[in-house]
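Trainee: Letter by letter, the chains look like this.
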Amino acid sequence: MRARHFGLVAFFLFLLIPMYWLITMSFKPNDEIISQLSLFPQHWTLDHYRAIFGDAGWRAAFEHSLEYTLLNVVIVLPLAIPAAYAFSRYRFLGDKHLFFWLLTNLMAPPAVFLIPFFQLYHSVHLFDTIYAVAIADTLFNLPLAIWILEGFMSGVPREIDETAYLDGYSLPRFFVKIFLPLIGAGIGVAAFFCFMFSWIEVLLAQTLTTSNATPIATLMGSAFSASGTDWGILAAAGTLTLVPGAIVIWFVRNKIASGFALGRV
Amino acid sequence: MDTKFADNRAWLLVLPATLLVFFTAMIPFMAVVNYSFQIVFSMQNHALIGWETFHEALTNEEFSGALGRQVLFTGIVLLIEIPLGIAVALTMPRTGKMVGPVLVVIALPLLVPWNVVGLIWQIFARGDIGLFGAFVNNVLHINYNYAVGEYSAWFTVVLMSVWHWTSLVALLAYAGLCSIPGAFYQAARIDGASRWATFRFIELPKLRGVLTIAILLRFVYSFKTYAESLTVTGGGPGTSTTFMTQMLTNTAIGQFAYGKAAAYGLLYFLIILLISYIFYIVLTRVGTNEGGA
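Line by line, the protein sequences give chains G and U. Basically our numbering = 1-based index in the first sequence + 322. Going by our numbering, 48 is the number at position 65 of the second sequence; the sequence numbering is gapless.
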């Protein structure tokens, strides 16, 4: 028992110390960051956070990143739920091929698509908007959500559907009243994964925006400048990007265990 | 076994999702196929050159070098993260009031953006201002500098990936372990099974489904790694940590050799598909032989 706990504590330290280092750095003045190695800030400062919150560009970047991430979840779920239901309950022409084709998109490297994406979103006048990023991210998130939801739905016995139809439920009414509550955990997990992969994604978000919808990553990239890197600002911005993730995890913490099984155990 | 309703009207349910994926994937994909057979001077000016770009991809060092490094990186990362993730899952408490906090800490790294993961390790591993870098250099007296040494750079990018993604494997495995009924463990205890036997014959077969997902996701996402290592090492020293995605973006945007990048990209995509398919087939076969049900 002792050795077991020791191992887990060691793993926790491995996860937390790098984050701790980033967070403490964000409270140190820049000359302290560069000149000395200290476990705690010697001179606490909130200057870096003040600089970020006082700057319209940074504030807008945080808004854009949150907006396209949430928009992505909002687009993906209503499309993925009916599709997953079809795959879990019906046999239809080309179903297996379609499912496999959808999954291949999960494997597509975004780098391959950079220039066609740039052209595509230009031609439909969505370039440099949060919509472009949110839609582009569906390339990976929609197949992933369908895959996850299909697993959960297949875990629900088909007798439930049949009984409901015998009781005179129509498909939409059965779906909303009976079926959706049964797969609530699955929807939560699918939303969690979409949020996660959209929030952490950098390459597409940077490529599809120039000035009106720039994500946090672009601004952080420009903080590494020729005139010297502003470590304090970078550390503070990095620390702030941890906050939405921490909030999401806090809300789903009781669902994580059952949810991560993806209904496929 | 097949208990599904046969009904082609189900197409109506998959149609919206299919149309959206068609828009976001197929149209750009066809453009890539088109460009891969061309030499592109500008978006208005390009000429058809046939299979030349593919031939170039298969013979030059730029492509094969990046591919080799990519395979090595993904291999190392999978060999560390999968066993470590399972080990972590086995030590996590399954009941009690510590469950919530433990899950929160484990899940935390997963939601850190790629470039911020890079930033965290860039700072943490620096010899002058980073705790880890200073510790290795000044306390362990090992010469460690990821900007100069190849081994240091590799060590850093691998450690960073382990930091970011072991949690995904751990959470998936933990979810699998939680679903094993207590009666299974009681039976094992009555039979006097060792800890190892319990793991090998009860826990591991039950983890088949979630581990298939974990291995596939980790394979695919480590094969596409980009912003993490780019932020820390910039692909260097030299090209020693330049992986596939970075090589592609360098070719497409840096050199503006778009025809070449498109050919590289298609081959890259095909390789991922092929390996994923092999993984999938092997993993599902292994499971059925063991009668994991």
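Calculated directly from the structure, the hints in this document are not laboratory data. From a predicted model like this one, the values you see are computed outputs, not experimental measurements. Do not take every clue at face value.
[Said to hold, decoys possible] Simulated pairs of lysine to aspartate or glutamate, EDC-like, Cα-Cα distance not exceeding 20 Å:
#	chain 1	residue 1	chain 2	residue 2
1	G	K499	G	E484
2	G	K418	U	E133
3	U	K(-13)	G	D483
4	U	K(-13)	G	E481
5	U	K(-13)	G	D377
Trainee: All hints are to be evaluated individually against the structure, with a verdict given for each.
Mentor: Taking the hints in turn, this is what the structure says about them:
1. K499/G / E484/G: holds, 14 Å
2. K418/G / E133/U: Violated. K418/G to E133/U sits at ~45 Å, over the 20 Å cutoff.
3. K(-13)/U / D483/G: holds, 11 Å
4. K(-13)/U / E481/G: Holds, at roughly 11 Å.
5. K(-13)/U / D377/G: Roughly 56 Å between the alpha carbons, so the hint for K(-13)/U and D377/G is violated.
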